[in-house]
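Novice: Letter by letter, the chains look like this.
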Amino acid sequence: MRPFHQQPDGLAQDGALAQQSAALVARLRVRKPRVHCITNTVAQNFTANVLLAAGCLPSMTLAADEIAGFVHSADALLVNLGTFDAERRAATAIAVDVAVREKKPWVLDPALIEASAPRAAFARALLARRPTAVRLNGPEFAALAQGAALEAFARAQATVVALSGETDGISDGARTLAVANGDPLMAKVTAMGCAASALIAAALTVERDALSATAAALTLIGVAGEIAAQTAQGPASFAVNIVDALYRVDAAGLAARARISAAKVS
Amino acid sequence: MRPFHQQPDGLAQDGALAQQSAALVARLRVRKPRVHCITNTVAQNFTANVLLAAGCLPSMTLAADEIAGFVHSADALLVNLGTFDAERRAATAIAVDVAVREKKPWVLDPALIEASAPRAAFARALLARRPTAVRLNGPEFAALAQGAALEAFARAQATVVALSGETDGISDGARTLAVANGDPLMAKVTAMGCAASALIAAALTVERDALSATAAALTLIGVAGEIAAQTAQGPASFAVNIVDALYRVDAAGLAARARISAAKVS
Amino acid sequence: MRPFHQQPDGLAQDGALAQQSAALVARLRVRKPRVHCITNTVAQNFTANVLLAAGCLPSMTLAADEIAGFVHSADALLVNLGTFDAERRAATAIAVDVAVREKKPWVLDPALIEASAPRAAFARALLARRPTAVRLNGPEFAALAQGAALEAFARAQATVVALSGETDGISDGARTLAVANGDPLMAKVTAMGCAASALIAAALTVERDALSATAAALTLIGVAGEIAAQTAQGPASFAVNIVDALYRVDAAGLAARARISAAKVS
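Chains as they are written, first to last, in my numbering: chain A, 1 to 266; chain B, 1 to 266; chain C, 1 to 266.
Be a bit skeptical, because a hint or two may be false.
Note that the list lumps identical chains together, so a pair holds whenever it fits in one copy or between two copies.
Unchecked claim - No farther apart than 25 Å at their CA atoms in a straight line, the calculated lysine to any residue pairs in the SDA-like style are these:
1. Lys188 with Arg89
2. Lys103 with Ala128
3. Lys32 with Gln233
4. Lys188 with Thr231
5. Lys103 with Gln146
6. Lys188 with Gln230
7. Lys103 with Arg29
8. Lys32 with Asn137
9. Lys103 with Lys188
10. Lys104 with Arg175
11. Lys188 with Ala121
12. Lys104 with Ala158
13. Lys104 with Arg155
14. Lys32 with Asp75
15. Lys188 with Val30
16. Lys32 with Arg155
17. Lys104 with Gln146
Derived from the structure by calculation, the hints contain no laboratory data.
Here chain A stands alone, though its shape is the one from the complex (with noise of 0.2 Å):
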């Protein structure tokens, strides 16, 4: 099996999931899901605009005696290793212990891991928890997988896992989607990854199923970023217009722009 994301088939749009996930953005923001980030301080203020511009109630609080309560209070947990020091530890264990406890939805972002092992042994305790799902960057995948293809990977994690690239793959290790929206600025803005985990997590507050709402966070900030990209002049502009278009974008806009598809596996 080839790697998803090599799939070019990848690019068109399926009516039905274009549908669904153009529904998610309504329902966001009738929902206005609480999600508390353990996220790395690079990425905080990005992460807390994008979720309110999405229509989300963000809290990012790490200390030790009072995240469980966030937790508790929160619709969805998201657990981002982009910066690792120990408080960020500490309070991850206590706020996943809670997730779990609670069964809240919660999605791990092993950011960075290819390049430090504490890192990746921290990550893979974490997977062991099994987050709703996972989102990652190619290097990231390729250390936690080692060699596996992506729906072999989800199906042995038994999470769902989402593979950010030209075309993202997500696959729950049964079925595998496709969603080619998103434009190479994205990844000229820190933190981008980042506030896309961040989405996932609050889409896992409105869609039960573990898939369509990951695929749906990822069709929403791809075709945000296709807006931003039409008049943005480089990107810190288009990390502007990123934000302001998942303000704007509804679900006939969302609709109209998904690419988003069942994926064939070769």
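Use these hints to put chains B and C onto chain A, whose structure you have.
Specialist: Using the frame of chain A, we list chains B and C on its own:
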């Protein structure tokens, strides 16, 4: 007594109060006060840029062995509880001691205390140190005031209390002002309230009457928000515009737009 | 000798130096150097986006058990003292050891040392490790140089020293260059100097002569600032524009605008 921020009369302009608020922006740009900010990592960058745009000089260190020196050199102190780690708590204790001892104005922003009992307890202990002003949102006010009305709470705590809302209510226990400036997009940008609290700290350095200073700072950011909304395409361009507007607005523009008035208590 | 940055002759362009600086931007985009940044939480997001826009790959971790690996994988290191907590100090000690041992270029930005004796002491200890370059503002230079002129201080410390100002002065103790590019709005955006220091670290990976590399990086950000100012409405749109300009400017545009020259010492 009804909660102040439901007061429809707050929408009018009292000319003398508007002139007084407008004069503040000019004085800030001449005085260029140093404002030391203990604030959360989500808010630090935006808060620093808001202060710089208004003509102030921000500093942000939290290190226990240097914060006393920074507060001593500063003209005012902001204590925001938005992230609540051990180092921030230790830094806060030292910083407030210096501010109280040296009679420097300081502002408490008890962010998100409604979601965390330890944070609320910490906020109550800080309130007992008599901050010059407290700025908070509705749920935070409810958690602290426990049923008391704005004016009664301000009187009991012997501080100026600014309750943000569609119309802001500001009271020192004897007098109450209403500021009706602002835009709904302000609630869609993370750290907007934290930045408003930082501007209050700055305003307290150029106006001895803490009630007037607090109301003037909220008028300034509210007017900047209205200017920002005119050309915003969403919350991120709004955030860019509001900082630009804080930099560009002058006393005449502020006086023309200020909707500040004495509040009637029904 | 007068302090260098008061040198009016610094405004002219030396064609060969301008061409040399312009070539840098092209090499950065080909080499895509990894720059590990120990920088303050106020500056992290902006610094990462500045590096990405210039074609570099930033990383920012501070964890004691992984920073050695990150610095080892990086092409250059930035040490900025803008926030000064215990974890950052521990991380700095490890990171500088790796950089010195592996002969990687590293840059010291002794932010705000004039305001804090412990921070100044830490900066002096780092200076003794012989950073490849030091970038600082006037008050920081005054605190470190204690009356010495730029060239004498650079010679005594055996490093390249870049003193930011209306005209930047850059000296390696034998040669001194002046860069007159830039815009006053650069001083109204937090972390602009930190980002400039990060670009110096990046430049040192593609140019062995540390004096030329440092001057080229300051020319790059100064020219980007001039382009940014053309359409800025205030400091926040300026900050967006400067990142966009760093992304868009090419060698020809840089060569045309560079105002770099050898400095005369009077």
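Novice: A separate judgement is required for each hint: does it hold in the structure or not?
Specialist: Against the structure, the hints come out as follows:
1. In this assembly of identical chains, lysine 188 and arginine 89 lie within 25 Å of each other by CA distance neither inside one copy nor across copies; the values are 28 Å within and 29 Å between.
2. Taking the shortest Cα distances, lysine 103 and alanine 128 sit within 25 Å of each other inside one copy (15 Å), while across copies they are farther apart (40 Å).
3. Only between protomers do lysine 32 and glutamine 233 lie at most 25 Å apart by alpha-carbon distance; the minimum there is 21 Å, versus 32 Å within a single protomer.
4. Taking CA atoms no more than 25 Å apart as the test, lysine 188 paired with threonine 231 passes in both settings, with 16 Å inside one copy and 22 Å between copies.
5. When the C-alpha separation of lysine 103 and glutamine 146 is checked against a cutoff of 25 Å, the pair qualifies neither within a copy, at 29 Å, nor between copies, at 33 Å.
6. In the homo-oligomer, the alpha carbons of lysine 188 and glutamine 230 lie at most 25 Å apart both inside one protomer (16 Å) and across protomers (23 Å), since each shortest distance falls under that limit.
7. In this assembly of identical chains, lysine 103 and arginine 29 lie within 25 Å of each other by CA distance solely inside one copy; the values are 23 Å within and 46 Å between copies.
8. In the homo-oligomer, the alpha carbons of lysine 32 and asparagine 137 lie at most 25 Å apart only across protomers (18 Å), although the nearest pairing inside one protomer, at 28 Å, exceeds that limit.
9. In this assembly of identical chains, lysine 103 and lysine 188 lie within 25 Å of each other by CA distance neither inside one copy nor across copies; the values are 35 Å within and 29 Å between.
10. Taking identical chains as interchangeable, the C-alpha atoms of lysine 104 and arginine 175 lie at most 25 Å apart only when both belong to the same chain, with a minimum of 23 Å there against 47 Å between chains.
11. Neither within a single protomer nor between protomers do lysine 188 and alanine 121 lie at most 25 Å apart by alpha-carbon distance, with minima of 28 Å and 37 Å respectively.
12. Proximity of lysine 104 to alanine 158 under the C-alpha cut-off of 25 Å is restricted to the intra-copy arrangement: shortest distance 16 Å within a copy versus 43 Å between copies.
13. In the homo-oligomer, the alpha carbons of lysine 104 and arginine 155 lie at most 25 Å apart inside one protomer (21 Å), although the nearest pairing across protomers, at 43 Å, exceeds that limit.
14. For the identical chains of this complex, lysine 32 and aspartate 75 are intra-copy neighbours only, at 10 Å inside a copy versus 40 Å across copies, given an alpha-carbon limit of 25 Å.
15. Taking identical chains as interchangeable, the C-alpha atoms of lysine 188 and valine 30 lie at most 25 Å apart only when they sit on different chains, with a minimum of 15 Å there against 32 Å within one chain.
16. Taking the closest pair of Cα atoms, lysine 32 and arginine 155 never come within 25 Å of each other, the shortest separation being 31 Å inside a single copy and 36 Å across copies.
17. Within a single copy, lysine 104 and glutamine 146 get their C-alpha atoms no closer than 29 Å, and across copies no closer than 31 Å, so neither meets the 25 Å cut-off.
Hints 1, 5, 9, 11, 16 and 17 from the list above are not met by this structure, while the remaining hints are.
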